[in-house]
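In the order they appear, the protein sequences are chains L and E. Going by my numbering, the residue at position 76 of the first sequence is 76; the numbering climbs one at a time, nothing skipped. Adding 486 to a residue's 1-based position in the second sequence gives its number in my numbering.
Worth flagging that the hints you see were computed from the coordinates, not collected in a lab. Don't take each hint at face value.
[Stated by the list, open to error] Rough simulated footprint, nothing fancy, chain E against chain L, three-plus residues with beta-carbon under 8 Å: (1) 101-115; (2) 174-187; (3) 242-255; (4) 292-300.
[What the hints assert, rightly or not] If we take Cβ atoms under 10 Å as the criterion, some of the chain E residues that face chain L in the derived model are: (5) Gly561; (6) Gly655; (7) Ile709; (8) Ile737.
[Unchecked claim] FRET-style restraints, in silico, Cβ to Cβ: (9) Arg327(L) x Lys653(E): 45 to 55 Å; (10) Ser546(E) x Lys412(L): 52 to 62 Å; (11) Leu109(L) x Asp623(E): 40 to 50 Å; (12) Ala880(E) x Asp73(L): 54 to 64 Å; (13) Asp780(E) x Glu283(L): 53 to 63 Å; (14) Asp623(E) x Ala103(L): 41 to 51 Å.
The structure displayed is predicted, hence computed values, not measured ones. Where a beta carbon is used, it is the ideal one built from N, C-alpha and C, also for glycine.
Protein chains: 2
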Amino acid sequence: MEMPIPDPAVVARKARLVERLAAVLPADAVIHDDAETRAYECDALTAYRCPPLVVVLPASTREVSEVLRICHDEGVPVVPRGSGTSLAGGALPTADCVLLGVARMTGVLEVDYPNRFVRVQAGRTNLSVSGAVEEEDFFYAPDPSSQLACAIAGNVAMNSGGAHCLKYGVTTNNLLGVTMVLMDGTVVELGGAHLDAGGLDLLGVVCGSEGQLGVVTEATLRILRKPEGARPVLMGFDSNEVAGACVADIIRAGILPVAIEFMDRPCIRACEAFAGAGYPDCEALLIVEVQGSDAEIDAQLARIMAIARTHDPVELRESESEEESARIWLGRKSAFGAMGQINDYMCLDGTIPVSSLPFVLKRIGEMSAEYGLDVANVFHAGDGNMHPLILFDANRPGDLETCEAFGAEILKLCVEVGGCLTGEHGVGIEKRDLMLHQYAGADLEAQMAVKDVFDPDWLLNPAKVFPLSVSDTRRTGRRTGRQTAA
Amino acid sequence: MEMPIPDPAVVARKARLVERLAAVLPADAVIHDDAETRAYECDALTAYRCPPLVVVLPASTREVSEVLRICHDEGVPVVPRGSGTSLAGGALPTADCVLLGVARMTGVLEVDYPNRFVRVQAGRTNLSVSGAVEEEDFFYAPDPSSQLACAIAGNVAMNSGGAHCLKYGVTTNNLLGVTMVLMDGTVVELGGAHLDAGGLDLLGVVCGSEGQLGVVTEATLRILRKPEGARPVLMGFDSNEVAGACVADIIRAGILPVAIEFMDRPCIRACEAFAGAGYPDCEALLIVEVQGSDAEIDAQLARIMAIARTHDPVELRESESEEESARIWLGRKSAFGAMGQINDYMCLDGTIPVSSLPFVLKRIGEMSAEYGLDVANVFHAGDGNMHPLILFDANRPGDLETCEAFGAEILKLCVEVGGCLTGEHGVGIEKRDLMLHQYAGADLEAQMAVKDVFDPDWLLNPAKVFPLSVSDTRRTGRRTGRQTAA
């Protein structure tokens, strides 16, 4: 392969940038060698890759502020990165960007049991937040499948959910406050460890903003007391539609289990092979978990099982031990990994009204036949957050393109039935052009106007979230306007 | 009393405005006679009064859009009003404003049990939202004391809470989507009856924005199944500090009752006289309520009572019937009314970390002696949302001013211990100048920058939320800038 000849102007620009960054960060926190920056060329949407210009690994809010001030000054785009587990390309670099990784910011700053919160640096992993409070039997509720690796920074950026969010809510329901650095280096404090906030609730709009408004460096998180006990039930059905109808009936009855997870046959088989979870051999499986004391669990499960029986389940089995429960969850949480051992796949993330589950599952099956690609379904059914996995062969020409077209159709279907094109993975680069299906012009314009005030030059996490044609125009237009005015 | 001579320019301006408004609204929906506009001169913060220029009562999103387009065109400020129950002056008119009341927008647009939501026009009262779904045993959770009168529009504007929000969350946790009209008449849809939203979560920043960003005309609200049963316990203590410590211990143990309400002696006496609720004669009273099946209630109350016993309660009594429970809650919910029959009072609304309750209650007692004004405390203790009522005599010169100074000191104390100067009543005009105690310059600037993009001319709900000196400068500066540019 022939190496491109570097543009001298780009080389000089990079050298000056590296020199300025090195003046405010330790030497090993500025990575600019091409061989090393390549380690940051993609996140978990690995079909897209682009090494950044420079990588920085600041260790504090002050260092992040210095980095952003310099980049703002130099007009260099910044891509913030948590642990790089985004399935939507939310942390994909651009060739001219500084990639700002928070991997060194993992500290626990404050643990306060009486007021039920913990304050951490944003690079701390999701699971280790719970680890910091488990000695007193507390935990942090949102539990993405990637919780061993993913950072709170990414959880806040994407408003991450997880299997148990049906009861406990997603990140935005468990986030009390953040310290955030704006693109010009200004540090702001939003929210805090108290109910509500005076004036505008900027915390609400920052959570889920995918790095478009600022870089979150610290987070104050609600912690909860661990439940006394928990018990999952496995329910097998002989079609996706019947399983979907059972979910809709449970929610319709006003019952709120901690989790209702759904898997179809391809997923059941892959997970069973991977984790030996004891899943039945059937078309569709629900894992319904309830928590509480033994008496509470018995009472809730009695109502849930009665509803399930009206749908002629081929299997209906309560977990009989903690080991069995752990195995059941290990199977579910390793679904993506297990599928990855068998096939290339694209993992979608749409939400729908729960009552539409049977219809949407049926339509996905029909579309699968039309596009000639298999689909495996595994998702948080209780809150209508679907994760169809489209299976394809990365080595077969055209398969990825067909897969992407199919995925777009599924997400449009979600919007058509009254849902949303993202539940917890975010828009990233994956769904940016689908935003025009979700939002009318005025709705999207309102979002971009807010982006304008936090990041007037559109330097933060470029080319994500907003349709590329629109954000390109916006960025160019504002830069031109600014230069003219200067 | 001498009537001021009207300025002919103002008269002509008003006439043109009324003519334009009358062209888009039914005749009885435009009120401009001085005797009639006076009915809208204040909200529940009655110490401040100012009749608006004109009152309009649109009946639909389309009519609201027409009104705002005209006002935008004419450069006339608009004050949106729900039911006028704001305790913070959130709906106080200015003399040059159009007051936009939503009292005619009370319709139920959609009830969807399988997907657990209801969509209503924003003028519908809080309690009648539950009324619309009670036939199927569902309810809308946030329950402000004013729930019989207050409108969803105001609940969204102030992010209202209520006694049972400890478990169910406040408005922002139960609001799924809104239709909102921007100041220039543009209609936007934010959120919806699905999990999460793509791109920026503008719903989060709109909830609690006190009419600064737009006029909410429709709201999609989460509904919940009514619990099987509920049982309150009365706990009497011989000091405020001990009662506060008991609350902190319950929360510290990770228990989450549906409500923990606190009343001190002055409130206990007033409420008992008003409602005959069977409250014990003691220094401080807690009402702790749990919900669920009988078995769940018994189990939770056993743990809670055990904690209470470690604080030597002078009374510890479970409700023994639904009638008794209803009387206990009637007493609490009529606390403000009951106090109002005895004294003039100012109701504050600050939040604090729960662990600070004993300290803050002690300091309020000391400050009460310093200022020479009595204080009654009645509040949502479980989530640290305090409502000190400062008692004063409106007919004694200087008393109101002393009361306001005392109130400001209490709210500053809330901020100092790590809390916030508003929990659920909002900032309004009451606390606008205290915002500088809560926020650093950069934090406040970030809020005002968002206001700028939604309402560039600062016409919406003027003189509220932001410190008057700052918002005056902002408004004047932007108007001048705009005129220069034109």
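Results of checking the hints against the structure:
Coverage of the region 101-115 of chain L by chain E holds. Counting CB-CB distances below 8 Å, 4 residues qualify, and the rule asks for three or more. Requiring three or more residues with a Cβ within less than 8 Å of a Cβ of chain E, the coverage given for the region 174-187 of chain L holds, as 3 such residues are present. Counting residues of the region 242-255 of chain L whose C-beta lies closer than 8 Å to any C-beta of chain E gives 6; at least three are required, and the coverage claim holds. Counting residues of the region 292-300 of chain L whose beta-carbon sits less than 8 Å from any beta-carbon of chain E gives 5, enough to reach three: the coverage restraint holds.
Residue-level restraint check for Gly561(E) is violated (minimum Cβ-Cβ distance to chain L is 21 Å; threshold 10 Å). A hinted interface residue such as Gly655(E) counts as satisfied when its beta carbon comes closer than 10 Å to some beta carbon of chain L; here the least separation is about 7 Å, so the hint holds. Residue-level restraint check for Ile709(E) holds (minimum Cβ-Cβ distance to chain L is 9 Å; threshold 10 Å). Checking Ile737(E) against chain L: minimum C-beta separation of about 6 Å stays under 10 Å; hint holds.
Checked against the given bound of 45 to 55 Å, the beta carbons of Arg327(L) and Lys653(E), roughly 32 Å apart, lie outside it. As the Cβ distance of Ser546(E) to Lys412(L) is approximately 30 Å, the hint placing it in 52 to 62 Å is violated. Taking 40 to 50 Å as the suggested C-beta distance range, the pair Leu109(L) and Asp623(E) conforms, at roughly 45 Å. Roughly 57 Å separates the CB atoms of Ala880(E) and Asp73(L), a value that falls within the hinted 54 to 64 Å.
Between Asp780(E) and Glu283(L) the Cβ separation comes to about 39 Å, which falls outside the hinted range of 53 to 63 Å. A hinted range of 41 to 51 Å for the beta carbons of Asp623(E) and Ala103(L) is consistent with their spacing of about 50 Å.
The structure fails hints 5, 9, 10, 13 (numbered hints given earlier, in ascending order).
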